[in-house]
Amino acid sequence: MAKNLKEILVDNSNDLVHMWLEEVAEKQKEVTNSAISQDLFENTNREFVNIIFGSVEKESLTSDLDSFTERVINLGWPLSYLTDGLQLFKRVAIEFLIEHEELDVSVPKVLRHVDELVNPIINQLVNEYSGSWENTVSLQRVALQELSAPLIPVMDNITVMPLIGTIDTERAKFIMENLLDGVIKHHAEVVLIDITGVPVVDTMVAHHIIQAAEAVRLIGSTCILVGIRPEIAQTIVNLGIDLSKFPTKSSLRKGFTTALEMTNQMIVQTNSEEQTIEELIDSLDRSEQS
Amino acid sequence: MDFRTCVNIQKEWDIVGARQFGRDFSKKLGFGIVDQARIATAISELARNIYLYAGSGKICFDEVENVGSRGICIVAIDTGPGIKDISQVMEDGFSTSGGLGAGLPGVKRLMDEFDITSKTGEGTEIRVVKWVR
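These protein sequences, in sequence, are chains Y and R. For the first sequence, position 108 matches number 108 in the UniProt record's numbering, and the numbering has no gaps at all. For the second sequence, position 9 matches number 9 in the UniProt record's numbering, and the numbering has no gaps at all.
Honestly, the hints are just simulated from the structure, not real lab data. Everything hinted at is true.
Think about it this way: if two alpha-carbon atoms lie no more than 25 Å apart in a straight line, the pair counts; the simulated SDA-like pairs of lysine to any residue are: (1) R:LYS11 <-> Y:VAL137; (2) R:LYS108 <-> Y:SER244; (3) Y:LYS90 <-> Y:ASP115; (4) R:LYS108 <-> Y:THR166.
Take these sequences, add in the hints, and give me the full structure.
Below you can see the structure in the form of structure tokens.
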């Protein structure tokens with residue numbers, strides 16, 4: 001008997017496909033997505049319904065289904081397109097079977113049979129879809145971690161760590177480890193931590209920076225905090241955070257100058273007289289400031 | 001009170017979501033860049049407190065109006081363990097989690113108005129307001 005139901009569906013596939021396409025088009029009108037061209041949408045619908053029939057006919061999941069799902073995912077279409085499509089298919093199939101004359105099967109049996117045919121497809125699709133999402137998320141997490149705490153040895157004894165983006169607990173831990181490893185590895189005397197790219201410095205971020213600076217001090221180096229924007233400076237003062245234990249500078253440039261002084265180094269420009277004069281004036285300025 | 005928007009705080013990254021929303025909202029209300037940073041920092045503190053101590057809760061945003069001035073009202077609500085001694089947590093340097101202990105008193109200084117109600121075992125509600133200058 002179960003066989004019969006399936007056969008009826010397959011035999012009347014043309015009618016069913018027609019009904020389904022109409023329903024989907026109707027649904028599509030409700031949630032118009034202007035970004036998708038009508039042609040593409042119709043072609044995909046046709047392919048989708050053929051694949052559904054292919055799976056129903058064989059009562060097993062075909063590899064066509066996998067490749068189709070993959071393509072829909074790559075197109076960036078929402079999961080609801082697939083699940084809605086299958087729900088509609090179920091509805092169409094059930095309505096069709098119930099209205100079919102030569103049928104003497106009770107309604108609950110029809111429902112159950114259609115469920116058995118369609119549900120594996122839905123499950124497969126949802127699994128595939130969420131799997132692909134999980135994959136994307138974990139890849140992005142790795143990518144983010146790679147970006148999270150770079151350490152750049154710019155000169156002998158001077159190293160820069162630019163921080164960009166939000167600092168959460170996990171990242172703070174990573175920053176600390178990287179910083180200490182890097183200081184030892186590059187024999188850095190001075191480390192510049194640049195927070196220009198950190199959008200908000202709250203007590204937690206400040207706490208982590210203070211801890212990192214203290215740890216750097218313990219292994220015998222100095223930490224300079226640079227890139228403190230004026231608004232960040234004000235919020236730090238409002239919060240009452242004490243950053244007086246280590247030097248701070250407004251920009252990386254100023255911090256770097258200080259670092260050069262601390263390591264008894266200086267950048268000398270060669271082969272240009274004018275610039276040598278400029279530098280002389282610069283150094284005069286500097287001695288005035290200090 | 002009916003709020004226009006609420007952001008649920010459950011994961012650490014929700015703090016970023018709340019902060020971002022607060023920043024956009026305060027920008028729309030016409031706050032300057034320094035006040036935007038203050039508001040974002042205050043939201044960050046409040047949201048982190050929810051995440052750290054209560055586990056979950058929400059941050060609600062609304063626009064408030066007074067004679068001739070507009071402002072942003074932010075309410076942090078949780079159903080966590082509550083605060084036993086409010087005067088203690090409002091002291092600078094008090095922390096039960098090894099932090100700096102500048103969170104709540106800092107928020108009070110960052111914002112214009114600050115109200116806190118808390119019941120042990122029932123939860124905490126903190127309401128802060130900042131006016132556009």
